[in-house]
Amino acid sequence: MGIGEILFYILIFPGLLFLLFWTFFVFYFSRKTLAYIHKRVGPHYNGKWGSLQTVYDIFKLLTKENITPKSADPYLFNIMPILTPIVASLPVILIPWSPLIHSGHGILDTNYGVLGLVVLIGVEPFLLFLTGFGSHNKYSFLGGMRVLAQMISMEIPFFLSSLSPAILFGTMNLYEIMYSNSWLTTLILLPGAVIYLIAMLGILEQPPFNIPEAEQEIVYGFYTEYAGTNYTLLKFAEFTEILVVSASAVVLFFGGYRGFLLDSFWWLFLKIVLIAIIIIAIRATNPRLRLDQMLKFCWSVLTPAAVLNLVWVLFARLYILGGI
Amino acid sequence: MERLKKILQGFETEYIEEYKSQWLKVKLKKSTDLIPVIEKLIEEGVKTCSTISPTDFIEENRIEVNYFLEDLTNKRNVWLKVDLPRELEECKIDSITSIMPSADWHELEAYSTFGVKFEGHPNLRYFLISADYYGKFPFRKDFDWETHEKNLIKNVNAISQEFFDEYRENETQIGHKESKTVLHWGPTHPASGPIRLKVYTNGEVIEKVEPDIGYVWRALEKLAEFKDFIGTIVAVERVCFMDNTNPMICYAQAVEEIAGKEITPFAKYMRVILGELGRSASHLVSLGGFFGTMGLHTLMMWCLDVREYYLDALEDYSGARIATASIEPGGVRYPMPDNWFKSLRKAIQKFETTREEIEEIFIKNPLMESRAKGNGVFTLNDVEKYYLAGPIARASGAKIDIRLDEPYAAYGDMDMDYVTCSNGDVRDRLLIIFKELEQSADLIKQAMAKIEEGIEKGEMNPKKDHLIRMPRRMPAGEAISRVEWARGEMLIHLVTMPKSTQPYRLKIKAPSFNHTMVLNKLLSQKTLSDIPLLYGSMHICQGDLDR
Chain A
1 MGIGEILFYI
11 LIFPGLLFLL
21 FWTFFVFYFS
31 RKTLAYIHKR
41 VGPHYNGKWG
51 SLQTVYDIFK
61 LLTKENITPK
71 SADPYLFNIM
81 PILTPIVASL
91 PVILIPWSPL
101 IHSGHGILDT
111 NYGVLGLVVL
121 IGVEPFLLFL
131 TGFGSHNKYS
141 FLGGMRVLAQ
151 MISMEIPFFL
161 SSLSPAILFG
171 TMNLYEIMYS
181 NSWLTTLILL
191 PGAVIYLIAM
201 LGILEQPPFN
211 IPEAEQEIVY
221 GFYTEYAGTN
231 YTLLKFAEFT
241 EILVVSASAV
251 VLFFGGYRGF
261 LLDSFWWLFL
271 KIVLIAIIII
281 AIRATNPRLR
291 LDQMLKFCWS
301 VLTPAAVLNL
311 VWVLFARLYI
321 LGGI
Chain B
1 MERLKKILQG
11 FETEYIEEYK
21 SQWLKVKLKK
31 STDLIPVIEK
41 LIEEGVKTCS
51 TISPTDFIEE
61 NRIEVNYFLE
71 DLTNKRNVWL
81 KVDLPRELEE
91 CKIDSITSIM
101 PSADWHELEA
111 YSTFGVKFEG
121 HPNLRYFLIS
131 ADYYGKFPFR
141 KDFDWETHEK
151 NLIKNVNAIS
161 QEFFDEYREN
171 ETQIGHKESK
181 TVLHWGPTHP
191 ASGPIRLKVY
201 TNGEVIEKVE
211 PDIGYVWRAL
221 EKLAEFKDFI
231 GTIVAVERVC
241 FMDNTNPMIC
251 YAQAVEEIAG
261 KEITPFAKYM
271 RVILGELGRS
281 ASHLVSLGGF
291 FGTMGLHTLM
301 MWCLDVREYY
311 LDALEDYSGA
321 RIATASIEPG
331 GVRYPMPDNW
341 FKSLRKAIQK
351 FETTREEIEE
361 IFIKNPLMES
371 RAKGNGVFTL
381 NDVEKYYLAG
391 PIARASGAKI
401 DIRLDEPYAA
411 YGDMDMDYVT
421 CSNGDVRDRL
431 LIIFKELEQS
441 ADLIKQAMAK
451 IEEGIEKGEM
461 NPKKDHLIRM
471 PRRMPAGEAI
481 SRVEWARGEM
491 LIHLVTMPKS
501 TQPYRLKIKA
511 PSFNHTMVLN
521 KLLSQKTLSD
531 IPLLYGSMHI
541 CQGDLDR
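Taken in sequence, the protein lines are chains A and B. For the first sequence, this note's numbering gives the first residue as 1, with consecutive numbering after it. For the second sequence, this note's numbering gives the first residue as 1, with consecutive numbering after it.
One or more hints might be untrue.
[Unchecked claim] As a list, the in silico DSS-like pairs of lysine-lysine whose alpha-carbon atoms are at most 25 Å apart: (1) A:Lys138 x B:Lys364; (2) B:Lys385 x B:Lys208; (3) A:Lys296 x B:Lys526; (4) B:Lys154 x A:Lys39; (5) B:Lys450 x B:Lys261; (6) A:Lys70 x B:Lys180; (7) B:Lys136 x B:Lys227; (8) A:Lys39 x B:Lys342; (9) B:Lys346 x B:Lys399; (10) A:Lys296 x B:Lys364; (11) A:Lys138 x B:Lys180; (12) A:Lys39 x B:Lys435; (13) B:Lys385 x A:Lys296; (14) A:Lys296 x B:Lys373; (15) B:Lys198 x A:Lys70; (16) B:Lys208 x A:Lys138; (17) B:Lys75 x B:Lys435; (18) B:Lys364 x A:Lys39; (19) B:Lys198 x A:Lys138; (20) A:Lys39 x B:Lys350.
[Stated by the list, open to error] Pulled from the structure, derived: some chain B residues nowhere near chain A, Cβ distances all over 12 Å: (21) Arg86; (22) Leu304; (23) Glu315.
Think of the hints as simulated: they come from the structure by calculation, not from any bench. All C-beta atoms in this analysis are idealised placements derived from N, C-alpha and C, irrespective of residue type, glycine included.
Work out the full structure: start from the sequences and follow the hints.
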């Protein structure tokens, strides 16, 4: 890998520029879709169909004053918003984005791809807890505690369900998983995919599991004290995480960038957008759950289901696909 | 009624007279008799205190305290009056809070505004009014408003200084014992509105809630004393802008009663239509806001969409969408516009087409039910004990509806029944709102049919019948008037002096006051996540909470 190639990966695709584009896009897309369900117009005036609205909004946020509250820990408070997006965008190197890059493999082609994804996604909540802790605000702290409680319980079904393709195909290499996928295996993995998608809502703090940032209950959770650039960076991290987690879902369960006629990045993008539409539709029609209800659901329904799913996958591997 | 009379005759009274169909108006001679009288009344079934309204007769050197006591099951009410001397040291009376918990905050309000000391009240303190009025009793007739206005800036500075001191103290003492802490839920919280709940929590579990109110206290009741009888409707309608029309109906009825006038049947039907429009507009916001408390804003948008059509109808009639000032003593303000029924039908049709979607997607939502079912239950006993009114009471199965209990406007001629649910939990408090919206649409249709019929027969003239002449100067008198407001019973107590052009005393009792009073009982031992849901389910509006 030459230095030019590395710079291209970091700065343009799938690095900074792509992630920024994604942030603008998903922000705009979710606003517009949500507005459609709300019977509103949504962003309208700036750019074609209001497409520049989110760009303006983000740059407005960047121009705002960066306030550090007196009682907050100034170092922790200001370092976390830089650390969080970096950690959130790390899994990008593992995912095979396009057949044109690195001959279809992820930038880092490793045999431990699934493990890497799961670990890097799993680190994120602890950073969010630290943002809440550093704010030294009761609401932020409660938000941080809720993040921890939710993550610890949600990550188990998340890990177990993302293991199911690895067990089925006997490899942790994302490229191989992607190419071993067929219509039959997609059907076999469907229960795992459903569990993954539900756990994903919890990991991403999307409704009905948006408990850590429930604005009616604890203001904005760990976001409460953040403004301006810091807030933008945290939001950027959040959107990057959405991208990474849904891209992983597509790669693990739905064949990544493979599609009809031609394998291309746009297939992957289309599948991610479909997942985003599902997330938004759930967001628009379902109220938030209570923390204890979420915990109960997670430990007494989702986790056992994930374990059973592993059993099913092993069974399918032995008797449907035939042999080890 | 006779039995109540008999009980009251056992005490020294100046007079006992029947008032309207359901009230007994009694004046006690001795203020020490109050507790025994009320104990007897409670035994008889009059268990609820609607409100307490002192009136300051400065020339006769007395303060007359009015107790409005209600028997919610048998619909027999008692209006009890007691005279107290005006001097601050002697102006005291026994507190009835211990035997009638619904009187709690009403006593505090009377104390803060009039200086009537309620002896034996568990926690007598200044309440509702802003800190610069403490100890000055602003609703008394001899309160010097002009001097107070002059010191306005000084007072505001003192209050903010006090706030900063308190804040600094809190900052230095910040820290937690075990997992206990105090959260301030409001007044700048995303879901609170201008109210502050001091929430004592242990982890996620709530131990105690102390509501702190008065953030939008405008002294509307005192403001009315500076306005003429027509000008007062502007103050009255600003009790809460959600349901704008019904407070005006309530006030107009009180004035008409003192003047001894009867309005035309056409105006009565118009009041029904306008009242139901106001109720629908308010209920649509309540319905949407309920889901907003759980982070779901779709229904709010849908409801606002429907509400626009209802507001269009109000605009077509009065020219204003929110603060319509459309009802005045003597009838309704404007003649009926030519094509008004068309916009009404459009609104109802819009509601009826959206109804099914709302029901399928939101009212039957399983996640909502998992949170709301069996949560925050009020029993019939609680309704009587704390006087929960309107939809909240009907959700618990109580048959309380002023429109039926004491019919006003043209509600007596309408074909309607009590809308009730049975469980009294949060879900029922949502369901009842939805049912009442349907009832309102039905009532508007009925009233429109009656008006059309009347015009066809030539009995009504929509261009002339809307208003009758009211006397310019009112005789001396006193009246109470009740309407079923969107959130429950609204009671207005109006006192006038001979040949007056202004109200002498106006007391507005609005239901949110009692609904906020029970928050502590409702929220204790629940989790933090339940605060917005349970608070939202009480449909509290800070406008009528503070007045």
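The hints, checked one at a time:
A threshold of 25 Å between alpha carbons decides the hint, and for Lys138 of chain A with Lys364 of chain B the separation of about 35 Å lies outside it, so the pair is violated. A threshold of 25 Å between alpha carbons decides the hint, and for Lys385 of chain B with Lys208 of chain B the separation of about 20 Å falls inside it, so the pair holds. Restraint check for Lys296 of chain A and Lys526 of chain B: satisfied, since their Cα atoms lie roughly 17 Å apart, inside the 25 Å limit. Restraint check for Lys154 of chain B and Lys39 of chain A: the C-alpha separation of about 49 Å exceeds 25 Å, so the hint is violated.
Annotation: proposed proximity of Lys450 of chain B to Lys261 of chain B holds, straight-line Cα distance about 23 Å (limit 25 Å). At most 25 Å may separate the alpha-carbon atoms for a hinted pair to count; Lys70 of chain A and Lys180 of chain B meet this at roughly 23 Å. Between Lys136 of chain B and Lys227 of chain B the alpha-carbon distance is near 22 Å, which keeps this suggested pair within the 25 Å criterion. Distance check on the hinted pair: Lys39 of chain A and Lys342 of chain B sit about 24 Å apart at the alpha-carbon level, within 25 Å; holds.
Straight-line distance between C-alpha atoms of Lys346 of chain B and Lys399 of chain B comes to about 32 Å, which puts the hinted pair past the 25 Å bound. With a CA separation close to 22 Å, the supplied pair Lys296 of chain A and Lys364 of chain B stays within the 25 Å bound. The straight-line distance between the Cα atoms of Lys138 of chain A and Lys180 of chain B is roughly 11 Å, inside the 25 Å bound, and the hint therefore holds. For the given pair, Lys39 of chain A sits about 23 Å from Lys435 of chain B by alpha-carbon distance, which is consistent with the 25 Å threshold.
This hinted pair does not check out: Lys385 of chain B and Lys296 of chain A have alpha carbons roughly 36 Å apart, beyond 25 Å. With a C-alpha separation of about 17 Å, the suggested pair Lys296 of chain A and Lys373 of chain B falls inside the 25 Å cut-off, and the hint holds. Between Lys198 of chain B and Lys70 of chain A, the direct Cα distance comes to roughly 23 Å. Compliance with the 25 Å bound is thereby established for this hinted pair. Pair hint Lys208 of chain B plus Lys138 of chain A holds up; C-alpha atoms about 17 Å apart against a cutoff of 25 Å.
Restraint check for Lys75 of chain B and Lys435 of chain B: satisfied, since their Cα atoms lie roughly 24 Å apart, inside the 25 Å limit. Under the criterion of a C-alpha separation no larger than 25 Å, the hint pairing Lys364 of chain B with Lys39 of chain A is consistent with the structure, at around 20 Å. Proximity of Lys198 of chain B to Lys138 of chain A is assessed by CA-CA distance (about 13 Å); at most 25 Å being required, the pair is judged to hold. This hinted pair checks out: Lys39 of chain A and Lys350 of chain B have alpha carbons roughly 14 Å apart, not beyond 25 Å.
Its beta-carbon lying about 47 Å from the closest one in chain A, Arg86 of chain B satisfies the requirement of being farther than 12 Å from that chain. Residue placement check: Leu304 of chain B does not keep its beta carbon more than 12 Å from all beta carbons of chain A (closest about 9 Å). Even its closest Cβ contact with chain A, about 21 Å, leaves Glu315 of chain B beyond 12 Å, as expected for a residue assigned away from the interface.
Hints 1, 4, 9, 13, 22 from the earlier list are contradicted by this structure; the remaining hints agree with it.
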